[in-house]
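Trainee: Here's the letter readout for the chains.
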Amino acid sequence: MKFDVIIIGGGLSGLTCGISLSSRGVRTALVSAGQSSLYFNTGSFDLLGWDAAGKPVSEPLKALEGIPVYRLLSGAGELAGRAEKLLRDAGLEFEGSAESNSYRTTPLGIRRPCWLVLKNVPQAVLPWDKSGPGLHIQQALVRRFRSLGGLVLVGDAARDGKIENGRVTGISTEKLGSGAISASRYVLASGSFMNRGLVSTAEEVHEPVFGSDVVSAPVRTDLDVFAPQPYMGFGVATDASFRVLKDGSPVSNLYAAGQILAGNDPIKYGNAEGVQMLSALQVADNIIKEAAL
Amino acid sequence: MKLINQLKTMAGENLEKCLKCTICTAYCPVMAVDPMYPGPKQAGPDQERFRLMDSAYFDDVLKMCLNCGRCETACPGGVRIPDIIQRARIQYGTHAPSLRDFILANTDLMGSVATKMAPVVNWTVGLKPVKGIMDGVLGIDHRRSFPKYAGRTFESWFKREAAPAQAGFAKKVRYFHGCYVNYNYPRLGQDFVAVMNALGYGVELLGGEKCCGVALIANGQAEHARRNAERNIGLIKAGPGPVLTTSSTCTFTIRDEYPNLLGVDNSAVREDVGLAVRFISSLLESGEVRLAFKQGFRKKVAYHSACHAELLGWTVYSIDLLRRIPGLELTVLESQCCGIAGTYGFKKENYRRSQAIGEGLFEQIRTAAPEAVVTECETCKWQIEMSAGVPVQNPVSLLAEALDLEATAKLN
Ligand code: SF4
Ligand code: SF4
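Chains A and B are the protein sequences, given in the same order.
Position in the first sequence (first residue = 1) + 18 = this note's numbering.
Position in the second sequence (first residue = 1) + 1239 = this note's numbering.
What the hints contain is simulated information worked out from the structure, not anything from laboratory work.
Even for Gly, the Cβ is constructed at its ideal location relative to N, Cα and C.
Some hints could be false.
Claimed, not checked - Ranges between beta-carbon positions, derived for each pair:
1. A:Ser-267 to B:Lys-1539: 21 to 27 Å
2. A:Ser-165 to B:Glu-1527: 28 to 34 Å
3. B:Lys-1398 to A:Ser-202: 46 to 52 Å
Kindly produce the complete structure, drawing on both the sequences and the hints.
Mentor: As structure tokens, this is what we get:
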């Protein structure tokens, strides 16, 4: 089966990219190995909670400059607006906006800045169901993607990405084997360590599908409270249009979006969902522009 | 022995990869309706650690598991949760199967008797007093409507009506029809033969296939299942070329449960066994065959991804085929278990749970209001027809209905 774009990863970034592409008529398939960290979402989205110095941000759009990943966006404000619309079009209702952060109180009683708060959060009906909002968001986005004609390969995993002469020429999936699906462009949105977008062994951290270049951002140790975990910041290296680097040069038809991007530190900046959605939208735009789809 | 089990478990079922994230619990349809069920995480990787130390930790509630695999599909760690649960049932379960379980499990034995007396059987199992006895004595729920038995098996139809013509085809596929096609619904097998012939492929049977064994596994008769598995794999090995199926459950059992649960090595032929939709989709993809559809064909259908089709990861092939049919209005239903899980929903103690599990799906179907639901699973068909009141078709049958078979045959 041939697609215009195959997205690897069924979390927030993969789904955002998929919805954006398929809403513009791009034939898109999404390979989703198990559920993503979206499952743990408590019903709120962050765009930018703290600046590089660790100070809380009240107007995120004004503070995005110089923040990792956001640096590479062409017009973060516009992208944030589109992200909000994408969520609404999927039937999700939120309060808040990118203009100014609102505050919410975490289960630990800490007030923290945030971008959007899901309205009508489904109540956890069952005692063990701590995941009401995350599951709800996930399902709404999958439904939206499907209704736009997107195809989801559920519970399947991408493998053995082949790169020849600077281009991806094919992938296998665990369940369909090799060559069953192919596309002219690929998006790596497979998340970080928890989702196995990145895998760490005793010797190294690697990206298992394509063997993309993995880098770690310089770790800043001068801000102790916000001192990043050493593995934060690890991710795949890209060029300025989010094209994945392999052996130092960009792979012409392979893009990365979301948590897998190098330099991203969602705990320090409070920007997890913002990075996932905005980079995914940017990648969708870059693909459409470059492919003249 | 303990060590061997432990190593086997660690290697194949990925017990140690459990992240304790609880995602599986949100996707388990049993857990959603019955608080007595400990859920995939506990019943699977968590308790398995204890069972490995002492089999006394085995808990009979594991039989509430549908083996639907929805937990596995959702698990980000790649833990093969249903295998852990089913193997524990096989390994530690102590109850001898009841008469009821024997009847439900031996689909081929019961089928061969019932087909011979189809009108009587179909009539009697529909009768109130008979249903009462089945319920009271056997524990087969009286609210369940029984699948009808055909008056003539698929195999006997094939031998007389279809086999002679198959010799005329240079290219051949073999067909594992399964018990359902043979005893309950030969029509699906006939549709399969018609479609394959139109695509330029002759069809052969394996010659003596046994029930894939899925119902035996679920009803505590693993040893019998293993004998069937060995026989089937032997037959598959004996001939060349692909072995196609029209049931997602038979396919899943032969490809995955044989090695993982029954210890029957199928590695030499595993890749040869697959759903017909997969084979047809790849022929279309490579341009080897072409299709001609009936002029003015129109139908509104909803696709239901059966648990085992989803676990195979192959729903894409059916969706791909359906999307190629002009005039077909297709809704892809949100993936949910229908609740029957083979023989599970026939048991009195499971009936209510089974219907509660399926309710979400039935509701989706009522809302979509299709003329037919399309799915690859025969037991989903019984459940959906009974509970949502909409006819259910295999994708192969829908294809046979939409194709201009003669015109297609000319193209290939
Ligand atoms: S989803 Fe998988 S990794 Fe998570 S708790 Fe369940 S078995 Fe463990
Ligand atoms: S196989 Fe199905 S019923 Fe059994 S634990 Fe997993 S999700 Fe639940």
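Trainee: Run every hint past the structure and note whether it holds.
Mentor: Quick rundown of the hints versus the structure:
Hint check: A:Ser-267 to B:Lys-1539, Cβ distance near 50 Å, so the stated range 21 to 27 Å is violated. For the pair A:Ser-165 and B:Glu-1527, the beta carbons lie near 32 Å from each other, so the given range of 28 to 34 Å is met. For B:Lys-1398 and A:Ser-202, the hinted distance range of 46 to 52 Å is satisfied, since their beta carbons lie about 49 Å from each other.
The structure does not agree with numbered hint 1 stated previously, though it agrees with all others.
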